[in-house]
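Asks: Assemble the whole structure, with the sequences as input and the hints as a guide.
Chains as they are written, first to last, in numbering that gives the first Met the number 0: chain D, 0 to 595; chain B, 0 to 249.
Just so you know, these hints were derived from the structure itself, not from any lab. Just so you know, these numbers come straight off a predicted model, no measurement behind them. Misleading hints may appear alongside valid ones.
[What the hints assert, rightly or not] Below, computed lysine-lysine pairings styled on DSS-like, alpha-carbon distance capped at 30 Å:
#, chain 1, residue 1, chain 2, residue 2
1, B, K120, D, K154
2, D, K290, D, K264
3, D, K53, B, K192
4, D, K473, B, K195
5, B, K17, D, K154
6, D, K346, B, K17
7, B, K101, D, K346
8, D, K506, D, K482
9, D, K53, D, K306
10, B, K120, D, K151
11, D, K154, D, K473
12, D, K331, D, K151
13, D, K306, D, K264
14, B, K101, B, K9
15, D, K506, B, K14
16, D, K506, B, K11
17, B, K192, D, K154
18, D, K490, D, K420
19, D, K290, D, K331
20, D, K546, D, K264
21, D, K490, D, K506
22, B, K101, B, K17
23, B, K9, D, K346
24, D, K346, B, K192
25, B, K101, D, K154
26, B, K17, D, K506
27, D, K506, B, K244
28, D, K151, B, K192
29, D, K269, B, K4
30, B, K120, B, K192
31, B, K9, D, K506
32, D, K151, B, K195
33, B, K14, D, K154
34, D, K154, B, K195
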Amino acid sequence: MAINPKIVVVGGGLAGLAAVIKVAEMGGQVDLFSIVPVKRSHSVCAQGGINAAKNLKGEGDSTWQHFDDTVYGGDFLANQPPVKGMCDAAPGIIDLLDRMGVPFNRTAEGLLDFRRFGGTLFNRTAFAGATTGQQLLYALDEQVRRYESEGKVRKFEHWEFLSAVLDGNQVCRGICAMDLRTMEVRTFPADAVIIATGGNGMIFGKSTNSVVCTGSAQSALYQQGAFYANGEFIQVHPTAIPGEDKLRLMSESARGEGGRVWVPKQPGDKRDPQSIPANERWYFLEEWYPKYGNLVPRDVATRAIFKVVYEHNLGIDGQPMVYLDLTHIDRKVLDRKLEGILEIYEKFVGDDPRDVPMKIFPGMHYTMGGLWVDFNQQTNIKGLYAAGECEYQYHGANRLGANSLVSCIYGGFMSGPNAVKYARSQQTSTDDVSSSVFEAEQRRQEEFNDLLINNPGNENPFQIWRELGAVMTKNCTVIRYNKNLQETDGKLVELLQRFRNVNLSDKSMWANTSFVFTRQLYNMLQLSRVIAQGAYLRNESRGAHYKPDFPDRDDQNFLKTTKAYFAPDADEPRFEFEPVDTSLIPPRPRRYDAAT
Amino acid sequence: MADNKTVLIKVKRQKDPKSAPYWEEFELQFRSGMNVISALMDVALNPVTRTGQATTAIAYDSNCLEEVCGSCAMLINGRTRMACSALIDNLEQPVAIEPFTKFPVIRDLQVDRSVLFENLKRVKAWVPVDGTYDLGSGPRLSPQEQEEAYPLSRCISCCCCMEACPQFNENTGFVGAAAISQVRLFNTHPTGKALKTERLRALMGDGGIHECGYAQNCVEVCPKDIPLTTSIAEVGGQVMVQAFKDLFRK
Numbered sequence: 000m001a002i003n004p005k006i007v008v009v010g011g012g013l014a015g016l017a018a019v020i021k022v023a024e025m026g027g028q029v030d031l032f033s034i035v036p037v038k039r040s041h042s043v044c045a046q047g048g049i050n051a052a053k054n055l056k057g058e059g060d061s062t063w064q065h066f067d068d069t070v071y072g073g074d075f076l077a078n079q080p081p082v083k084g085m086c087d088a089a090p091g092i093i094d095l096l097d098r099m100g101v102p103f104n105r106t107a108e109g110l111l112d113f114r115r116f117g118g119t120l121f122n123r124t125a126f127a128g129a130t131t132g133q134q135l136l137y138a139l140d141e142q143v144r145r146y147e148s149e150g151k152v153r154k155f156e157h158w159e160f161l162s163a164v165l166d167g168n169q170v171c172r173g174i175c176a177m178d179l180r181t182m183e184v185r186t187f188p189a190d191a192v193i194i195a196t197g198g199n200g201m202i203f204g205k206s207t208n209s210v211v212c213t214g215s216a217q218s219a220l221y222q223q224g225a226f227y228a229n230g231e232f233i234q235v236h237p238t239a240i241p242g243e244d245k246l247r248l249m250s251e252s253a254r255g256e257g258g259r260v261w262v263p264k265q266p267g268d269k270r271d272p273q274s275i276p277a278n279e280r281w282y283f284l285e286e287w288y289p290k291y292g293n294l295v296p297r298d299v300a301t302r303a304i305f306k307v308v309y310e311h312n313l314g315i316d317g318q319p320m321v322y323l324d325l326t327h328i329d330r331k332v333l334d335r336k337l338e339g340i341l342e343i344y345e346k347f348v349g350d351d352p353r354d355v356p357m358k359i360f361p362g363m364h365y366t367m368g369g370l371w372v373d374f375n376q377q378t379n380i381k382g383l384y385a386a387g388e389c390e391y392q393y394h395g396a397n398r399l400g401a402n403s404l405v406s407c408i409y410g411g412f413m414s415g416p417n418a419v420k421y422a423r424s425q426q427t428s429t430d431d432v433s434s435s436v437f438e439a440e441q442r443r444q445e446e447f448n449d450l451l452i453n454n455p456g457n458e459n460p461f462q463i464w465r466e467l468g469a470v471m472t473k474n475c476t477v478i479r480y481n482k483n484l485q486e487t488d489g490k491l492v493e494l495l496q497r498f499r500n501v502n503l504s505d506k507s508m509w510a511n512t513s514f515v516f517t518r519q520l521y522n523m524l525q526l527s528r529v530i531a532q533g534a535y536l537r538n539e540s541r542g543a544h545y546k547p548d549f550p551d552r553d554d555q556n557f558l559k560t561t562k563a564y565f566a567p568d569a570d571e572p573r574f575e576f577e578p579v580d581t582s583l584i585p586p587r588p589r590r591y592d593a594a595t
Numbered sequence: 000m001a002d003n004k005t006v007l008i009k010v011k012r013q014k015d016p017k018s019a020p021y022w023e024e025f026e027l028q029f030r031s032g033m034n035v036i037s038a039l040m041d042v043a044l045n046p047v048t049r050t051g052q053a054t055t056a057i058a059y060d061s062n063c064l065e066e067v068c069g070s071c072a073m074l075i076n077g078r079t080r081m082a083c084s085a086l087i088d089n090l091e092q093p094v095a096i097e098p099f100t101k102f103p104v105i106r107d108l109q110v111d112r113s114v115l116f117e118n119l120k121r122v123k124a125w126v127p128v129d130g131t132y133d134l135g136s137g138p139r140l141s142p143q144e145q146e147e148a149y150p151l152s153r154c155i156s157c158c159c160c161m162e163a164c165p166q167f168n169e170n171t172g173f174v175g176a177a178a179i180s181q182v183r184l185f186n187t188h189p190t191g192k193a194l195k196t197e198r199l200r201a202l203m204g205d206g207g208i209h210e211c212g213y214a215q216n217c218v219e220v221c222p223k224d225i226p227l228t229t230s231i232a233e234v235g236g237q238v239m240v241q242a243f244k245d246l247f248r249k
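Replies: In structure tokens, the structure reads:
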């Protein structure tokens, strides 16, 4: 039994840092691994805010209402007890962040200000301008730096997680990681490991995600025996700015502050948008969803935009784009509450959204699916925990806006103490585990590296990646057909075949970024099959998963968690299904278009 | 420029920290909306120089690609800036891309900027909370106080201000504008100011705030428009007062 257990945390975004803080506070020793300096993690990109039912607007909001909105928004696919736990904890989390110095926007009285987000009728979202994720990440980063300076946390930045070290009983005893500069492969023993490695947007080529969001760590663990749950649930954000290198998020808070989505009623209308009179504009979300208007959940808004663009052929100037309009809102209000995102639009598009409606289109944004965890955040591998976007637990079939930050922090706050408790309860400490276990894992990874670096093939990994992104975006995002999903899996098998012939133009063993990327690519390909096949198997429509051939939710057959596991001999996923815990809120039809 | 069918870039490369730098030129297909990052991605897809020589993908740091993570700072046509927000359309060609000069080169455009994070430790850039258990809400702040703190808190640690600063070099060991501005931020916070004295003392002595030569380059290059010179002036005043107090306490 270790009084001050050694806990490895992989990933330095909100979930990872939240876990680190709890572990350090409980007396654990932390080794924190991150590909990038933790302050540059993808959590910085979260814009609009963080949900908590503080009820500071006299609306009668409650944590139960937050819980109900979250479960309903997720189309009843989430196990309910942990979601309730998160919503109950959210107000306390906001208080803590406030104490840590997050510059949340304030009311005249000096209290926290709240705004509305999608999928709710309450002003429940606390925010720091339009860079809330950045501000929360910095607050946690600062606390971790404080622990680091006290010697309680060791940071391994510019290190890439390769695999877990599992002993003969499939118990996690540490990790194997690679220094991204020296390319040295090393194992790190730990009494428990927490994975907080974020999303997998890079699988889709272009998304709103950061470059490090490959899902590589989750995939490596899935290939080592961890269950991967609900992989087919991929959130496509309705409002992103199309770009050459990525799709840049245009926060839901733009609509929370009154932004309106519209297209010209006349197809191919070439007029300057400001000169189009109100009666010649189609505010389709407001028309179709009078109660929620522009603030329907993301899956609903995204499908509506697709319908307008592809069925009504009303995209702006015939292009796949619609207007997101803020020009009717007072400039001072915009600057105070949305400056960060307006600046992004200005810098990357060149127009000022205070004067000109923005042109936006849906873009892949978030994975609801992830590593399967129990209510204590532990995966099916003992000693291996997961928190944040890399696990599946809180958002069901569709995540509500501003729930990701709270789920990251809550998941981190749950996983940290649970990992410490687990470590303290163990009879055999990791110190007693034979060194051969660690050596074997290190050898396995080094052999893969050798194979890759010396491979004599002729395939360019970046080309394989472009093809992966194209096929996944086309067939595994907004609208899904079984025929296309089957074709996608065929394509993935082909890409995996071609991967065997991959050739690295750069064979050096110093800061070799294309080598590192190629390693990630292999894991992306394996995980993509979980997404495509999971989508194929689910013959219903639920939340973000929409099949025109099966347009309704089918609780009889699919009110179930998809659990994928890797079959090493067949080199492909297998699936089983687990009932969903709906013990607190009975499932009901999800109808945002209803007037009441 | 938009009519050009191709884009010409030249990249200053370096295999590792010890080897000598060299330049390579690339001619790429132009696409509208292209930025420096997408140009570097195109090189990775087809690593061949302008003269047809096979080469390797260029090593560079990047992550969010929307100018909020602070990763992709480099010199572009001689200016310190973020590569993601550097749109090719607005740049003179050939676009010269170089690593920062005041930080150790790792490889190609990657440099080691960990000195900033060390400086943030040195100035204790955090709010000393008692713990993460439930202690109720934080201190009340007026909207005016929030509006003053928020811009300072948007520093992305890109280190542009340090690269551009004539005083930031090995001789002075100057801590740089970013860390000083964080001192201002935390000294203003109702709980954060508990460590004010320690922060100010950390800015005295070698590499401290007095090294600032008022060149004002920092504020000009900051991609987040942080009022860095105001921060330096204000913290400079605080340090003076502290030094005076310390003098009389001895």
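Asks: Indicate, hint by hint, whether the structure satisfies it.
Replies: Now for the hints, and whether the structure bears them out:
1. B:K120 to D:K154: holds (13 Å)
2. D:K290 to D:K264: holds (22 Å)
3. D:K53 to B:K192: holds (27 Å)
4. D:K473 to B:K195: violated (55 Å)
5. B:K17 to D:K154: holds (25 Å)
6. D:K346 to B:K17: With a Cα-Cα distance of about 36 Å, the restraint between K346 of chain D and K17 of chain B is violated, given a limit of 30 Å.
7. B:K101 to D:K346: Within the cut-off at roughly 27 Å; holds.
8. D:K506 to D:K482: With a Cα-Cα distance of about 40 Å, the restraint between K506 of chain D and K482 of chain D is violated, given a limit of 30 Å.
9. D:K53 to D:K306: violated (36 Å)
10. B:K120 to D:K151: holds (14 Å)
11. D:K154 to D:K473: violated (39 Å)
12. D:K331 to D:K151: Violated. K331 of chain D to K151 of chain D sits at ~44 Å, over the 30 Å cutoff.
13. D:K306 to D:K264: holds (14 Å)
14. B:K101 to B:K9: holds (20 Å)
15. D:K506 to B:K14: holds (12 Å)
16. D:K506 to B:K11: holds (20 Å)
17. B:K192 to D:K154: Roughly 27 Å between the alpha carbons, so the hint for K192 of chain B and K154 of chain D holds.
18. D:K490 to D:K420: Outside the cut-off at roughly 44 Å; violated.
19. D:K290 to D:K331: holds (28 Å)
20. D:K546 to D:K264: At roughly 28 Å apart (the allowed maximum being 30 Å), K264 of chain D and K546 of chain D satisfy the hint.
21. D:K490 to D:K506: Roughly 28 Å separates the two Cα atoms, so the pair holds.
22. B:K101 to B:K17: holds (15 Å)
23. B:K9 to D:K346: Distance ~23 Å between K9 of chain B and K346 of chain D Cα, so the pair holds.
24. D:K346 to B:K192: violated (35 Å)
25. B:K101 to D:K154: holds (24 Å)
26. B:K17 to D:K506: holds (18 Å)
27. D:K506 to B:K244: Distance of about 59 Å is beyond 30 Å: violated.
28. D:K151 to B:K192: Holds, at roughly 24 Å.
29. D:K269 to B:K4: This hinted pair holds, its Cα atoms lying about 26 Å apart.
30. B:K120 to B:K192: holds (16 Å)
31. B:K9 to D:K506: holds (22 Å)
32. D:K151 to B:K195: holds (23 Å)
33. B:K14 to D:K154: holds (26 Å)
34. D:K154 to B:K195: holds (26 Å)
The earlier numbered hints that this structure contradicts are 4, 6, 8, 9, 11, 12, 18, 24 and 27.
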